[in-house]
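Q: Counting with this note's numbering, you get residues 4 to 485 for the letters of the sequence shown.
By construction, these hints were calculated from the structure, which means they are not laboratory data. Do not rely on the hints blindly, as some may be mistaken.
[Claimed, not checked] Have a look at the derived ranges for each label pair, beta carbon to beta carbon:
1. Arg99 to Lys210: 35 to 45 Å
2. Thr313 to Gly281: 45 to 55 Å
3. Lys85 to Gln344: 34 to 44 Å
4. Lys429 to Gly281: 21 to 31 Å
5. Lys244 to Phe118: 32 to 42 Å
6. Lys13 to Asn72: 44 to 54 Å
7. Glu69 to Lys244: 43 to 53 Å
8. Asn72 to Ser299: 51 to 61 Å
9. Asp62 to Asn193: 32 to 42 Å
10. Lys90 to His130: 32 to 42 Å
11. Asp51 to Lys244: 50 to 60 Å
12. Gly281 to His432: 16 to 26 Å
13. Thr63 to Lys9: 32 to 42 Å
The beta-carbon is built from N, C-alpha and C at its ideal position, and this holds for glycine as well.
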Amino acid sequence: MYHNTKYFQKRNNNKLSKFFDYETEGAKNLKNTANFYIRNTMTGIKKDKPTQNEQEVLDTVFSNIEPINKKLRENYDKKIAKIKKDKNLSEEEKQRKIKRTHLKQFKAPTKEKWFLSYEFLDALFRHINLPEYRAIESHIAQKAIREVTDSWISYFESLKEYNKNPERYTGKPKIPGYIKKDRSTAIVTNQLAYISNGVLHLPNKNKFNISGHVPKGKFIEARIKPYYNGYQINIITDDEKSPVMSKDKGYLLLDPGLENFLTITDNLGGNPIIIKGGVFKSVNQYFNKTKADLVSILTKGQENSSYTPTKRLNNLSMYRDRFFDDAFYKVSHRIARIAVQRTCGKIIIGKNDFQKQKINLGHLTNQNFVCIPMSRFLQILKTVALKYGIEVIEQEESYTSKASFLDRDKIPTYKKGHHHNNFSGKRIHRGLYRSKDGTLLNADVNGSLNIGRKHNGHMFRKMKSYENLNNIEVITYKELYK
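Whole structure, please, built from the sequences with the hints as guidance.
A: Right, dumping it as structure tokens:
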């Protein structure tokens, strides 16, 4: 199982900081170059008269395919010849090795199949001795190219899903763009770096001291990420242990919100739990207001003016990041322990892709919800839950707050232009939901239960009584630290 340990390095004029500067700037340049080749191949190959940039890219691609393939054939022939000459191998072993050795050959892009793969871009940039490729360590360069091609593959998957279900998206997915910042994450693998005696040894004899907290497990890679006025170094290790997944059949159900950060229920009859979100809201308000004041001073009140972040702005942003990371880890561990106590092997959390567009609770509330990094929380929750052997599943949650759990209303999925108002109950004042027969239920509890029902309509068959649903335990921010 992989583990991510974070460290911070301030930017200064020492050798290590200069190495980080050089490699992250080089990684950014190479990522943009790889993206440039893919984008111009995509657009240029479909035109009768490509632009100058498109034509230059196409000429480079087409003129180098055969030389690259020739070199690959030569390397393949050398490998086969070496296997055949190996006196330590039997004929049977030789045939097995020959069979496992494959000849890689690239095909020219066409209008229908124009995408430039990671393997081809890596071979092309090495063959033409691209300055951006040669400027940084080879394995860092390969990781940079891989990030770009992976982002395109994700784009293709999103586009495919969009074409099937456009109503689930707020707009057509956009192609991967260029990196506008000065630097970008550089990944140093264990082929270039290693950990020894509390020190991360990097290329060119650079050393980063981690003796205060040496991560356990086999070193995999270090991700050098530009982070405000310095660098965040994420060291990835593998303890080589597979998580033992829980066999418990219960489901823990989470409904995210603002005033109530999470409303927690289950399908086994446990009392609901609400984790309050007031502190998260307050920290966000403080961050947004303070940042706005500082930026206003820098830009002299002119909204469209550009500015360079000051040390105080960077420190403010780092405070916010660290506050939410710390709080999210504590919330996630609390949730995982609750799941274990209640014999819930899976956590279902509501996900609403239209959250930003559909909340109409006033400008300030809307701003607060959008700014709270819910995607970061989900990432942390999945990481923590896995350590407990618990799977986290995202569930689309449209109409779960409007449908009545007690009346078993059908819960539709949001589609643009379609409106559903035929529900048995409705949400009333003070966060209460009134069902068809007048029974009152906490509105967020109703939503949380419906998230589970939308995931699996049969999960509540063994739940015989709902009398406990108003026996709600409330957990405040301070209680997370107990």
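Q: All hints, please: hold or fail.
A: Going down the list of hints, with the structure as the test:
1. Arg99 to Lys210: 35 to 45 Å: 43 Å Cβ-Cβ, so the 35 to 45 Å window holds.
2. Thr313 to Gly281: 45 to 55 Å: With Cβ atoms ~30 Å apart, the hint is violated.
3. Lys85 to Gln344: 34 to 44 Å: Check failed, 60 Å falls outside 34 to 44 Å.
4. Lys429 to Gly281: 21 to 31 Å: holds (26 Å)
5. Lys244 to Phe118: 32 to 42 Å: holds (37 Å)
6. Lys13 to Asn72: 44 to 54 Å: Since Lys13 and Asn72 have Cβ atoms about 48 Å apart, the given range 44 to 54 Å holds.
7. Glu69 to Lys244: 43 to 53 Å: holds (48 Å)
8. Asn72 to Ser299: 51 to 61 Å: holds (59 Å)
9. Asp62 to Asn193: 32 to 42 Å: About 38 Å separates the Cβ atoms of Asp62 and Asn193, which means 32 to 42 Å holds.
10. Lys90 to His130: 32 to 42 Å: holds (34 Å)
11. Asp51 to Lys244: 50 to 60 Å: For Asp51 and Lys244 the Cβ distance comes to about 58 Å; the hint holds.
12. Gly281 to His432: 16 to 26 Å: Roughly 19 Å apart at Cβ, these two residues keep to the hinted range, so it holds.
13. Thr63 to Lys9: 32 to 42 Å: With Cβ atoms ~40 Å apart, the hint holds.
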